[in-house]
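Put chain B on the given structure of chain A with help from the hints.
2 protein chains.
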Amino acid sequence: MSNRYTYINGQIVSENDAKLLVTDLAVQRGYGIFDFLKTVNGKPIFIEDYFNRFYNSANEMHLDIGLDRTELYKAINSLLEKNNIANASLKIILTGGYSEDGYQIAKPNLVIVQAPFEYDKSSFNKGLNLLSHNYQRQLPTVKTIDYLQAIRLQPLLKLKQADDLLYHNNGEVRECPRANIFIVKDNEVLTPNTDILRGITRSKILNINLDDVTIKEQDFTLDDFANADEAFISSSTKNILPVFSLDGKAIGTGTPGKITTALSEKLLAMINNY
Amino acid sequence: MSNRYTYINGQIVSENDAKLLVTDLAVQRGYGIFDFLKTVNGKPIFIEDYFNRFYNSANEMHLDIGLDRTELYKAINSLLEKNNIANASLKIILTGGYSEDGYQIAKPNLVIVQAPFEYDKSSFNKGLNLLSHNYQRQLPTVKTIDYLQAIRLQPLLKLKQADDLLYHNNGEVRECPRANIFIVKDNEVLTPNTDILRGITRSKILNINLDDVTIKEQDFTLDDFANADEAFISSSTKNILPVFSLDGKAIGTGTPGKITTALSEKLLAMINNY
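Protein sequences appear in the order of chains A and B. First residue of the first sequence: 3, per the numbering used here; consecutive thereafter. First residue of the second sequence: 3, per the numbering used here; consecutive thereafter.
I should point out that these hints are in silico values taken from the structure, not numbers from a laboratory. Please read all numbers here as calculations on a predicted model, not as lab measurements. Heads up, some of the hints might be wrong.
It does not matter which identical chain is used: a pair holds within one copy or between any two.
What the hints assert, rightly or not - Here are the computed lysine-lysine pairs in the DSS-like style, where the Cα-Cα straight-line distance is at most 25 angstroms:
(1) LYS109 / LYS93
(2) LYS45 / LYS123
(3) LYS187 / LYS128
(4) LYS240 / LYS187
(5) LYS109 / LYS160
(6) LYS109 / LYS21
(7) LYS251 / LYS45
(8) LYS84 / LYS187
(9) LYS260 / LYS128
(10) LYS93 / LYS21
(11) LYS162 / LYS240
This is chain A alone, in the form it adopts within the complex:
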């Protein structure tokens, strides 16, 4: 049993009682959006950016959040105060609501879940081994709850001793299921620009200044990836993590690269100074 609390539609309830009727369109039709951010020392990091994306996702899916930004911020704060966890993840979910016919959108259900979360700095040196998978996410710019492929392929990851998937569309690199991807080649840092979810951490990295290094949005292929000097992923919880291999073949030296390391330090400073 959890002793934490969850926000549902204006109420703060024990996590053990945080339930939705099975008529909700998330259960009936996988219809919902979410966003996911972290608090560091009690502060929700880059929350304006996450709000921008969350309100955009809701709009794209014809879901009415029912709260303006000030009200949503208040709702989050009331949960933060109740749970009182300094370093945590925050997940804001908006579902299609209790649909009478199991098909039409109803009044959406708004759920906010908080869980303790400590960033593990040591994971940086372990790096990641990725497994490529030919898959284009549907509605790629919207943060929907659709993770059918990623979850279904977990046993394959285990079998291949890989840490995560790298989605590509017939050879054009896209993203990981829960992270964006970057490669470094000849002092150029590239991240795909087509049919991807625009990560908040990704956008922060695109704005980092690093001497003699260009950082830009530009599509690239699996071949480019295999021949990169360095590669890394970015995500709200993992920050920057180096990629050591793709499909069993080492990328660069198979250790954290110089530019990856420099960007990671700048990103962590940005988060700590927020």
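Chain B alone, transformed into the frame defined by chain A:
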């Protein structure tokens, strides 16, 4: 408030109390499967076929139903007895379960919902107007709960005064969101065979014998559709319904076709004799 009952994990509860924790993978990640059939005069029609598909979907998504077929049949029967509705729809949903990290599959939740359902014979003469949409369903042979596109596009249907979508993959016709599609041309009845959900009603139609008519699985294009003599959809609730137009252009005479009508009568007889 509903006075019907729902089955959840071995319990029969009031529909008003039929709830899942928000940690369920359906809410967190849109991860679940289902199947949908009807009872006529209390009999679940073609239930062995639906069971075949449901067990196959569960297997494809690494979800353990937790009941063998006899036990699942018993579970359904206990709900049918409790609700006592002669003509009804039955929806069996299996979700990814209460996941600790919101990502790994847990012990699935099994939910069975029943609702009154009467087949409306008059809908046959009204026919359907379809709107084509370029979209290939992911994991097409598995009956997952993913209906993101279909539900998101409901306002577009209304705007275009269309009844339903017709998915095609770059011009190759696939299916409707909740129905299979057939065309008739020169006494040949064709239904797509690639990357579709294999409907139970579709399979029954493929086995109908009609003098001088060939019925077979064969892919066709939007152009073939536009030039068809007749077209119709098939589904568990709608049986056979003629299609009168695609993207505003009439198909055939814009009335129920001769072969469509003959197949519909044979299908209804098959259901009534089950």
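Structure-based check of each hint:
1. LYS109 / LYS93: For LYS109 and LYS93, the Cα distance is within 25 angstroms both inside one copy (19 angstroms) and across copies (22 angstroms).
2. LYS45 / LYS123: Answer is within: at 19 angstroms inside a copy they meet the 25 angstroms cutoff, but 60 angstroms across does not.
3. LYS187 / LYS128: Within. Shortest intra-copy distance 21 angstroms satisfies the 25 angstroms Cα cut-off; inter-copy 61 angstroms does not.
4. LYS240 / LYS187: For LYS240 and LYS187, only the intra-copy Cα distance (22 angstroms) is at most 25 angstroms; the inter-copy one is 57 angstroms.
5. LYS109 / LYS160: between (39 angstroms within a copy, 19 angstroms between copies)
6. LYS109 / LYS21: For LYS109 and LYS21, both the intra-copy (16 angstroms) and inter-copy (17 angstroms) Cα distances are at most 25 angstroms.
7. LYS251 / LYS45: For LYS251 and LYS45, neither the intra-copy (40 angstroms) nor the inter-copy (57 angstroms) Cα distance is at most 25 angstroms.
8. LYS84 / LYS187: Classified as neither: same-chain Cα gap 47 angstroms, cross-chain 66 angstroms, threshold 25 angstroms.
9. LYS260 / LYS128: Only inside one copy: LYS260 and LYS128 sit 15 angstroms apart there, 68 angstroms across copies, limit 25 angstroms.
10. LYS93 / LYS21: both (15 angstroms within a copy, 20 angstroms between copies)
11. LYS162 / LYS240: within (22 angstroms within a copy, 44 angstroms between copies)
Checked against the numbered hints listed earlier, the structure breaks hints 7 and 8; every other hint is satisfied.
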